[in-house]
Every structure is written in C-alpha cells, then in structure tokens.
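These are the residues of each chain, in order.
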Amino acid sequence: MIIEKLFNKWILFLLIIIPIFGLIFEEPYYITLTTKVIILAIAGIGLNLALGYCGLISFGHAAFFGTGGYVTGILSFHALNEELLFSWPIDIFGSSEMLIIWPVAILVCAFLSLIIGFLSLRTSGVYFIMITLAFAQMLYFFSISWPTYGGEDGLSIYVRNSFPMVNTMDPFTFYFICLVWLMITLFISFKLINSAFGMAFQAIKQNEERVKSVGIETYKVKLIVFVISGTMAGLAGSLYTDLNRFVSPSVLDWHTSGEIMIFVILGGMARLYGPIVGAAFFIILEQTLGTYTENWQFWLGLILILEILYARSGILGLFDKKKNNEK
Amino acid sequence: MTNILFIEQLLNGIQFGTMLFLMSAGLTLIFGVMGLINLAHGSFYMIGAFCAALVAGLTGSFWLALGASLCGAAIAGVLIEILIIRRLYRRDHLDQVLATFALILLLSEGVRWYFGAFPLYLSIPESLNGTIPIFEEIIYSKYRLFIILMGFLIAIGLYILITKTRLGIRIRAGQNDREMISALGVDISKLYTVVFALGASLAGLSGALIGAIQSVEVGMGEPILILAFVVIVIGGIGSIKGAFIGSILVGVTDTLGRVFLPDLLKIFIEPSYATSIGSSIGSMLIYILMALILIIKPSGLFGKS
Amino acid sequence: MIRKKIMKNKILNIKNLSKSYGAFKVTDQIAIDLNFNEIHALIGPNGAGKSTLIKQIVGSVKQDRGSILLDQEDITDLSDVERAKIGISRTFQVSSIIPSFSAIENIILSLLNKSNKTFQLFKNIKDNNELELKAKNILREIELIENSGMVASELSHGDRRKLEVGLALAMNPKVFLFDEPMAGLDESGTQMMINLFKKIKLNTPILLIEHDMEAVFALADRVSVINYGKIVATGTVDQIRSNELVKDVYLGYEI
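Residue numbers (this note's numbering), protein chains in the order written: chain D, 1 to 327; chain G, 1 to 305; chain V, 1 to 255.
So that you can see chain D by itself, here it is in the shape it has in the complex:
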C-alpha cells in the first residue's frame, strides 16, 4: 500500500514535470501528449466509478465521451459560422466559450446517461454489457448518417475554444486547464468513495442482494453512479475535441468504449489513480510500440490477454501483494 501511494505521487509528479520540461526545451509535443493522457484519464476515472467501484460493466462509455465531444464541436461550429443552433422555441446561438460549452456538455451528457442508465439498469449481467454497447453503437451510426456535422468525415473546429484571460491555443495553457479538471474529477471521486453513498455503491458491487435487504434502493444508487460516471466521460470528450480541434464518429466507436475500459483495467480497478496509470501506460505503449510497428495493437492485445489471464489486479496491483493473493 505504501509503495502504491508513493507510486501515485510519482505519477502526479510526472504529469506536472513532463510538460514543464516540454515548456523549457520547447518540445510542445510532450505537453500535448501529457494533455492527452490527462483527458483520457478523466474518462477512465468516470468509468472507474461505475465499473471499478460499483461493478457496472458499461461497454458503452463512448456514448458519453463522444457526445461530450460532439456537443463541443457543434456549439463551436455554429459559433464559427454564426448560424443559429436552434431557432425554436427561442433563438439559440453556438458558442466558443469553454465556460458555456462545459456546462452544456455536462448537462447533455448527464441527461443522456440518465436515459441510457434508466433503461440499461433494468437489466443486469450480460444484458447490461450488451445494451450499453448497443446504445453507444446507436449514437455512432447516427453520427455517421447525420450529414449536417460532417457525417463520417467528422467536424473540424479549426480554433480551440476560448477561456477568459488566457490563450488556449498555447499547449501549456490548455494542458493546465485539463490538469485542473483532472484534479476536480479526482477530488469528486475521492469524496464519493468515502461517503455513505460510496459505501452503498461499493457494497452493491460485492453483494447487491444484501444491500437491497438492508433497505437501500440499489437501482437509484446505481443510476446516480452511472450518471456521474457518464458525465465525467462526457467532460473528457469535450476536452478531447478541444485538444484535437476536431471530432469524428470514431469517438463514439465501440473501440473507444473498449479503450476507456482498458485504462481502468490496466491501471487496476477500484483504485483512485488506476485510470491515470492505465491511460499513461496506454499512451506510452502507443508511442513506443507505434514507432517500431504499425501493428502495435497486436501487441496491446497480447499484453492485455496476458494481464487478464495472469496479472489480474493491474499495474498498481503489482505493488499491493495482499490484494494480488486474494484473486
């Protein structure tokens, strides 16, 4: 446990030190890469709440990640073209202000996860996995066949959305914004898992029947966790669009759901910092293997299979012998 905590501090330290080096040695690529890790980690932290702590195997978090991304892209697109987003019931304009985009993305994703959760949580087990997957696919096909926002080609927003007083086009500034969001989501997760509510949803993962029998409305608990989880993934999606200044249906693809899941699993489930480690490891793997071979995902697949068959508790789990032995 102590080594794990030390490792966690190192991870945060690296997330701060690498971009600073990038700044000093004028290597903005490393700043962008760290930003990507941070954004993916936010999505992972969201999924970790549902998957790691509450046992809800959602294979459809791309729906929220992608929707957050598209909300951002669409608002910004309309601001750029100076077109109305809606003309009914009142005139609504697009926006390129992050302070407006974020709340809209958060609300839309919360609402979406409420609907998807409301329907999916009526089922459990394999049905839940497949239904969350199917809902995400539904949005994916919608995004492909809806021509207004680029369809299959995606949507470019050219200029990163703005934040008061700072220049978001500067990589370090945008990195810092994302870092703050990472801290906020980490803090919220930390508060949640240590609350009475957190106690309830962690108990549900282990023994839902018992939790029901002590008079806790497990459906409601799971729905709230699912909504918070989906909303965090949506926020990450919003930042991801700004990072790339581009959004395409691939953010809604089921591979995205799988990858978010991989961040959680690689780092170790139900560990606060797990998704950060997982996302970092994923990006490092992509960067290193990717330079040697085009087929780096072959090796990713192999590593994953070996991990699942033989090292089940993730990278952080390697430092925690006791939990390893339990499995």
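Since the hints were made in silico from the structure, they are not lab data. Do not rely on the hints blindly, as some may be mistaken.
Facing chain D, a subset of chain V residues (Cβ under 10 Å, in silico) [said to hold, decoys possible]:
| id | residue |
| --- | --- |
| 1 | GLU82 |
| 2 | ARG90 |
| 3 | PRO99 |
| 4 | SER100 |
| 5 | GLN120 |
| 6 | LYS201 |
Okay, derived cross-link-like pairs now, DSS-like style, lysine-lysine, Cα gap no bigger than 30 Å in a straight line [as the list claims (entries may be wrong)]:
| id | chain 1 | residue 1 | chain 2 | residue 2 |
| --- | --- | --- | --- | --- |
| 7 | D | LYS220 | V | LYS198 |
| 8 | V | LYS198 | V | LYS247 |
| 9 | D | LYS220 | V | LYS174 |
Backbone N, C-alpha and C fix where the C-beta goes; we use that ideal spot for every residue, glycine too.
Since the structure of chain D is already known, use the hints to place chains G and V on it.
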C-alpha cells in the same frame, strides 16, 4: 412498382437476417452452454472470409472456398478455445469481455499483418450469377436467394442437431444444468471445444457468404457482431429460437427502415430534411426496437427471467 | 371489539400464500402470523418450503396467490427494497455480508437507510460519530466488538453468523426473519444468540427458522411445522411435541 421494391427489400432483409442468425446462433450457444460472452466472435467471421478468399484465389472454386471458410474458422476456433478461451469460462463477465476484446485486436492486427490492409475480393460462382424470376414480375438475385436457402437449411440442421442428436442432448443439458452433464459422464472440456468450434465455423461460413457480396477486409466482423448482440438481447440470451426470430426481425427492420423511412417521412416533412433525418433514424431503428422490447421484457423475447 | 384487538396484535399476517414452479408447489396456501413480543418458530425438513416462504415474505420471490400484511398494511405488491425500508429485516441462511468491508462498516451500511444517509454523496462517512456509536452498540450486543475492525471475509464462521444478525438488528425493523441463525455456531455462540433473541423479542417479534431443536424449544412462544409447502400444525412448544402428525414429519428427530 412500390410493391416490387418492397418485396425485393423484404427479401434483402430476410437474407441479412439469415446471415445474422448464423452469427447469433453461435454466440447464443456459446453463452448458453459455457456462460461465455465472446466479443471475438466477429473475428471468426473475418477469418472465414479470408480463408475463403485465399482458397478461391488458389483454386478458383467458390465451393471449395466455402468449405475452407468452415474448416478454417473451426480450426481457429479450436486453437483459440484451447489456448485462451477455456481459461475464461470460470472468470466473471468483465474478464471475458476484456480478454475477447483483446483477442479482436490480436486477430485483426494479425490478419492485417499477414494479408495487408487492402480488401480482398471473392467472386460469386457463375451458376449463381444473375437474377431469377420468383413470382410474376419479381426478379431477385440468385446469389441472395441462395444465401437465404443456406440460412434456412442451416437453421433446420441446427434444430435437428439440438433436438435429435446426442451432441444436442448434451448441449441442452449443458444449458440447463452444468453439473448435470458432468454427472452424465460427458467430457466437458471436449464438449465445450466442439460447441465453440461449431459456433466459430457458422460465423466463418457467414463471413464467406457475405464476403462475396461485399469485400473481404479486416474489421468486417465488427458491425455484424454488434448486430448479433442486439439480436440475442432481443431474442433472449441462450435461446436458439430467440436468435432465429430476433435475426429475421432485426434484418428486416434494419433493411426496410433504411430504405423506406426517408420516403415515409417525405409525406410529413420537407424532402431534403426527410432524407437525412430518415436515414439517420433508419440506422437507429433496431436499437430503438431493442430498447422497446427491453422495456416490456428485460430478458428478451425468449429469455429466462 | 375483542376481535379487532386480536387483529391489532398481529404485526405480520400472511394469508393463503402460494407459489408453484410448474406442477411443484413450493408453498401451498400458507397462513402464518406473528404477534407482538413473540418468537414464532418455523420448523420442517429440508426442502419443505421454509426458505421460499422467507423469500416470499421479503419480496425476492413473487407469490402466485395470497397476501402479506405488515402492521395492518398490505405489502403484497411492494418490492423487496420497499419491504426492507418499511420494516422487514432478514438474515440469510448462508452468511451474506460485504466481504471487503470491516465488521463495523457492514453494520454502518445497514444503518444508512434508517438514518437517511444513503444519498449523502460527499460527506465522509468516517467522520460520522453518531453512526459509529450506534454500530458499536450493536457490535457489543452481538459480542463482536473486539473484531469490529476486522475485514468480514476474514472473520470466523461463527463471527460471520453473528454479523449477519447484527446487520438485521441495525435496521431497527418491525419484524425479524431469521433463517437458521444458529447453524454452525458452537455452544457459547448458540447461548449468546438465545439470550440475544430473548432480549430482542421484547421490542420486536421474530419469525425463526431453525434446525437446532433445543434452541427452538428454549425460545419459541409458538411453533409451526411446514412440510411439502403446507403448514401442518401450529401451537405451543408442548402442543407440537405431543402432536402425532409432527412426529411423522420429523421421523428420526427427537422431539
């Protein structure tokens, strides 16, 4: 005119449905007997298609290619079952999802490595080229009709296999009670390998059959895999009957929805909007269908609650 | 007037409860009730339908027919969670606890509903002294206070049985349904349970399923015998001991 189009599209829907059935029958069997959720099932579809394209390229025979798709996918199924899958039966669904997702990455990239990124083509044999009149003015593609017939034949074959043969009895026993089959003195691990290979070969065959209409490429199994999931969720996981009815329902709904929804909407709204809205909603139709069925029956049409 | 008073005394009243799987009747027109300040024991051979009856009362198995009244309120159509919320508390035949939680955390989980804390999203539960105090009192009652910090999965079998009862106690319900709470307990554990149940029943009645006949006869105010899904006899301990039918059911048991 509309009638002819309608019947033609209906047949297309049924053809699509029968191929979905070949995929979902394997998925639902594997889940029903071994309790395994297998995302890599689409990879066997791809492997079958590639085996077929390879053999067709070497021999020029479509029929040998079909045989190769069955055998190739079955062999791949046996190997993968023995090396990886059998270690997953006792794991929870999450491990199964992840490991089989990883398997997709492995197999897709492996195939891309070997065959390259360019799609291969498999041509329809001379005897099935062209069209055939089926009813008065209605003419239909011979090959698609052949696919429908194949699908129905295999469905009947599966029905006989499950209800009339010893293997079928064991499979049904496995679905109902896993302890019972070991009590019957059946070598479970062999049974599991056989069931897995059977599912894989059906997927491989449908990959080859579809590969001749579309192209044979990496990742071709993924869209149809997810549709197969929708099918078995609608039909009820573990039920072959559910898989059959679900497949036809999904195939027909999807095909008709995409074709006719835009036209239908033109009656109500401006044509230019109707086309884009119609095709978007058409692509979502089966998922809406699935949501509706789940609201009424959370464990699918023929699932055990 | 008198009749009304008797009715009022019944805190749990079950009528005509039936459930069949195909042709097999697991519970067949069961009528059983529970008075205030009473321990009503339910005995019968394995597979007689005792556990199904418990499942029907808590609402995890839906009945085909029949009704369940709790404190004169019809709860037949309520879900399992709703029934637990308004005051039905159970233990499981096989200990069902949260394995990674410590003993005290398990108890606190059970306290959440009554104290309306379930949906406190951000307040640290460890800062809640009031819940901790309540939980400690319960741990003292079930003689588990020394192991309060121990992870539940590492508790001994006997301690887990105690914790199981502790979880039920923490809910402060209207009735208790105890499903073989003494199974696998040693003598001192059984004695502790007997004393505890005697104390509990002064406030809250208990429907007790138990195979340990000594414990049943020491505790029960009334005993019902269930066989093949039917209640074949109900009466005081002495009446049941001398009932010929019961002896038939319990051939081999020393009654």
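Results of checking the hints against the structure:
1. The beta carbon of GLU82 (chain V) comes within 9 Å of a beta carbon in chain D, closer than 10 Å, and the hint placing it at the interface holds.
2. At about 6 Å, the closest approach between the beta carbon of ARG90 (chain V) and any beta carbon in chain D falls short of 10 Å, and the interface hint on this residue holds.
3. The closest approach between the C-beta of PRO99 (chain V) and any C-beta of chain D is roughly 6 Å, which is under the 10 Å cut-off, so the hint is satisfied.
4. The interface hint given for SER100 (chain V) holds, since its Cβ lies 6 Å from the closest Cβ of chain D, which is under the 10 Å cut-off.
5. Given hint, GLN120 (chain V) at the interface with chain D, holds; its Cβ is 5 Å from that chain's nearest Cβ, closer than 10 Å.
6. Because the closest C-beta pair between LYS201 (chain V) and chain D is about 21 Å apart, greater than 10 Å, the hint is violated.
7. Proposed proximity of LYS220 (chain D) and LYS198 (chain V) is contradicted: the alpha carbons are some 37 Å apart, above 30 Å.
8. Restraint check for LYS198 (chain V) and LYS247 (chain V): the C-alpha separation of about 27 Å stays at or below 30 Å, so the hint holds.
9. With a C-alpha separation of about 24 Å, the suggested pair LYS220 (chain D) and LYS174 (chain V) falls inside the 30 Å cut-off, and the hint holds.
Checked against the numbered hints given earlier, the structure breaks hints 6 and 7 and satisfies all the rest.
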